[in-house]
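Number of protein chains: 2
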Amino acid sequence: MDAAEFRRRGKEMVDYMANYLANIEQRPVYPDVKPGYLRSLIPTEAPLEPENYEDVIKDVERVIMPGVTHWHSPYFYAYFPTASSYPAMLADMLCGAIGGMGFTWSTASEATLMSVLAARCKAIQQVQASNPGQSEAEILPKLVAYTSEQAHSSVERASLIGGVLMKKVPTDDNYAVGGGMFKKMLEEDKAAGLIPFYLCATLGTTPSCGFDHITELGPICNKENMWMHIDAAYAGSAFICPEFRPLLNGVEFADSFNFNPHKWLLTNFDCSTMWVKKRDDIIGVFKHSDQPFYLKHEHQDYNHSSLLQNWQIPHGRRFRSLKLWFVFRMYGIQGLQAHIRKQVALAKEFESLVRADKRFEICAEVIMGLVCFRLKGSNQLTELLLKRITESREIHLVPCHLSGRFVLRFAICARTTDSRHIQQAWRHITQLTFEILQEPNH
Amino acid sequence: MDAAEFRRRGKEMVDYMANYLANIEQRPVYPDVKPGYLRSLIPTEAPLEPENYEDVIKDVERVIMPGVTHWHSPYFYAYFPTASSYPAMLADMLCGAIGGMGFTWSTASEATLMSVLAARCKAIQQVQASNPGQSEAEILPKLVAYTSEQAHSSVERASLIGGVLMKKVPTDDNYAVGGGMFKKMLEEDKAAGLIPFYLCATLGTTPSCGFDHITELGPICNKENMWMHIDAAYAGSAFICPEFRPLLNGVEFADSFNFNPHKWLLTNFDCSTMWVKKRDDIIGVFKHSDQPFYLKHEHQDYNHSSLLQNWQIPHGRRFRSLKLWFVFRMYGIQGLQAHIRKQVALAKEFESLVRADKRFEICAEVIMGLVCFRLKGSNQLTELLLKRITESREIHLVPCHLSGRFVLRFAICARTTDSRHIQQAWRHITQLTFEILQEPNH
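If you read the protein sequences in the order shown, they are chains A and B. Using numbering that gives the first Met the number 0, the first residue of the first sequence is number 0, and each one after it goes up by one. Using numbering that gives the first Met the number 0, the first residue of the second sequence is number 0, and each one after it goes up by one.
Treat each hint with caution, since some may be false.
Put simply, identical chains are the same to the list, so a pair is met inside one copy or across any two.
What the hints assert, rightly or not - In the DSSO-like style, the derived pairs of lysine-lysine whose C-alpha atoms are separated by at most 30 Å in a straight line are: (1) 33 to 386; (2) 141 to 347; (3) 166 to 33; (4) 10 to 57; (5) 141 to 222; (6) 182 to 276; (7) 166 to 141; (8) 182 to 277.
Just so you know, the hints here were simulated from the structure itself, not pulled from any lab data.
Model the full structure from these sequences, guided by the hints.
Take a look at the structure:
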């Protein structure tokens with residue numbers, strides 16, 4: 000869908016929204032379907048090739064609306080109101096176009112937290128099963144979680160919220176956690192009386208897009224009865240391409256896995272997806288909590304563990320799957336693969352430009368859409384370059400630290416980024432570099 | 000704004016969105032403003048009377064855009080991508096119109112969790128200050144939090160996540176927590192060696208819209224050095240009307256306060272607002288967490304506690320304030336007050352209908368937009384009535400339990416609900432009642 004079609008479809012959608020709300024009284028306020036009704040109405044897989052928008056929008060009435068409880072119907076008197084107004088809808092449309100993050104960019108953080116809480120709950124039960132006398136208060140301070148020293152800061156925050164110790168595992172030359180170092184830490188901690196219970200492995204770290212060795216880490220976690228969570232927030236989208244699938248080998252050992260379609264799968268923020276191997280593990284976190292009376296409903300016994308409110312911190316959630324469904328159908332798997340491949344190719348193009356310039360060095364293997372690079376020499380030199388880049392406000396980059404070196408991260412971000420932007424960005428960077436190196440003190 | 004204007008403005012907004020994205024390269028990718036730049040550009044208070052939409056949309060360029068980092072600019076190479084596509088935007092527009100909850104309706108739950116975590120952190124520091132030898136592991140099992148037996152289930156969940164004991168305080172005849180019963184529990188728990196540290200009071204409980212007596216509870220919490228959080232998720236919106244402000248007396252004792260504009264303030268889901276008395280308390284939860292290098296930025300020292308990522312569980316957040324800003328301006332305070340008053344009047348109208356029918360009884364004082372009622376006699380009778388209401392699918396209600404009685408909750412929800420809908424709903428309810436009472440076994 001190009002901008003011209005979006006203009007047309009967007010205006011049709013505005014009319015659809017207005018018609019929906021104007022005629023909402025004609026719809027039954029409460030759906031007359033059973034859980035699972037969707038299964039027979041939609042294909043089991045996303046389409047390989049893009050579909051027509053007409054087919055998608057026709058399916059809204061055929062597939063989606065029969066399952067919708069119309070909260071804005073004047074026949075809806077349940078719970079409390081959920082607000083709605085035209086100005087708020089207009090603002091949200093604009094918010095979708097701006098599509099920025101509120102200060103930073105991850106809601107994988109909530110998935111990580113849920114996995115820590117589930118693992119904590121399971122570990123306490125397991126210790127108590129073999130030591131019936133031990134209280135939760137005695138066990139909790141012995142529990143220890145692990146993650147890479149390169150993991151996202153939200154992983155450490157999850158351990159702070161969950162009140163458990165988290166240790167950082169040093170990484171190898173590729174900024175990845177391997178089995179050897181991890182095993183060594185486990186042995187030491189167990190000898191000291193601690194109980195290792197959780198590992199957050201990362202596929203595609205934030206600083207350098209490093210990939211932890213999950214084929215080594217997974218069997219260790221399974222053997223030690225530890226929960227392995229995989230945070231693939233950014234790189235996870237790339238696994239729709241067969242050529243990147245080998246990086247996912249070892250996922251079969253994981254207890255939970257997360258990636259953010261809102262990062263790299265053409266789905267506007269926010270949309271973060273999480274899989275768990277045993278759904279009872281995740282809902283175990285809230286198992287002591289009573290289902291309050293006003294939430295009980297006719298299908299509650301259908302499949303208790305499928306109640307999504309038990310999978311997450313907030314009770315409510317936006318209807319986020321709608322975005323994914325539109326995107327799958329309008330791009331098709333081929334279209335999504337093409338997007339990933341194009342962006343990886345642009346990163347490779349930038350990498351070539353950097354490698355061809357003897358003043359620069361590449362600081363980590365370029366696997367996805369991220370290039371880590373720096374000026375050879377002191378950290379101060381690259382710091383000064385970043386300062387000039389930021390001051391000139393033509394492009395926006397953020398740095399990272401790799402092995403004590405100050406490094407620039409060049410991440411291919413915008414859907415519309417093209418070769419000419421890469422070339423232009425590189426001209427800009429080299430021009431600033433030229434100016435810096437001309438200055439007397441360099 | 001009526002439906003006709005929404006059609007016009009919506010189509011203009013679609014063009015604005017398409018233009019914004021088509022011409023994004025012409026905008027500086029990174030804003031050239033200092034934190035706080037907004038303060039001088041916008042008034043200190045929401046307008047009393049509605050403004051013109053033209054003025055609002057003109058202010059998007061004047062006020063908002065200078066502060067936006069354009070994540071979808073092809074000159075943006077920072078962090079990782081945040082996805083965007085036309086299909087996802089179209090789906091989100093539709094999601095805004097449907098505006099339903101994912102299974103239930105509260106993200107006040109996250110605010111409650113943050114307040115529990117902040118209080119836990121503060122309590123541990125305080126105990127350690129007077130008993131330097133005590134470890135966190137020793138203190139945690141002694142901490143006890145309190146809430147009403149009528150509080151929302153998310154309050155109990157917050158204590159499960161935070162790993163602290165939570166006790167439920169019995170309520171009085173108005174289903175509200177008073178000072179006497181609370182004080183008695185505190186004395187018993189302190190005598191048993193526990194450390195009371197937190198109270199979640201509710202203004203407008205979910206079952207009956209009861210109001211805890213915060214003028215009594217607040218001074219007790221302050222004296223005992225306990226954190227008082229106020230959950231006013233639903234009723235909080237009504238405090239924009241002076242006549243409801245007395246219900247808020249005692250808020251000055253609170254450490255934190257939350258209400259959901261997405262419930263009753265014409266702002267589409269999700270939008271939940273939280274105040275804290277001392278911002279350092281709330282960011283203390285994550286104080287041990289390093290600010291990672293890739294998140295450091297030029298203004299980070301400007302005011303560390305204003306970094307919103309330290310106020311919440313997820314790192315990222317949608318640009319939700321945009322909705323509130325549109326709503327404040329397009330309705331004005333008067334328009335918002337009129338909405339609240341109209342819905343309260345509709346609840347009173349329904350209450351009168353129930354009171355005029357001798358077969359029914361009102362089960363809790365009607366203060367806001369919620370009417371709790373039942374058929375006189377056995378619970379089975381009202382349960383049967385609800386079953387028939389649900390089966391006929393004309394209106395949607397959920398029940399609650401009050402003092403062991405099965406009670407129907409009739410909440411005024413949709414923005415468009417009018418007197419004729421109330422009258423029609425009552426005719427429907429009395430028709431079903433008539434049929435039930437005609438049946439031989441009644």
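For each hint, the structure was consulted:
1. Taking the closest pair of Cα atoms, residue 33 and residue 386 come within 30 Å of each other only across two copies (17 Å); inside a single copy the shortest separation is 59 Å, beyond that limit.
2. Neither within a single protomer nor between protomers do residue 141 and residue 347 lie at most 30 Å apart by alpha-carbon distance, with minima of 46 Å and 57 Å respectively.
3. For a Cα distance limit of 30 Å, the shortest separation of residue 166 from residue 33 qualifies neither inside one copy, at 46 Å, nor across copies, at 37 Å.
4. Taking identical chains as interchangeable, the C-alpha atoms of residue 10 and residue 57 lie at most 30 Å apart whether they share a chain (16 Å) or sit on different chains (21 Å).
5. For the identical chains of this complex, residue 141 and residue 222 are intra-copy neighbours only, at 19 Å inside a copy versus 35 Å across copies, given an alpha-carbon limit of 30 Å.
6. Proximity of residue 182 and residue 276 under a CA criterion of 30 Å is satisfied intra-copy only: 23 Å inside one chain copy versus 46 Å between copies.
7. For the homomeric pair residue 166 and residue 141, the shortest alpha-carbon distances inside one copy (13 Å) and between copies (26 Å) are both at most 30 Å.
8. In this assembly of identical chains, the alpha carbons of residue 182 and residue 277 lie at most 30 Å apart only when taken from the same copy (25 Å versus 44 Å across copies).
Violated hints, in rising order: 2 and 3; the structure is consistent with all others.
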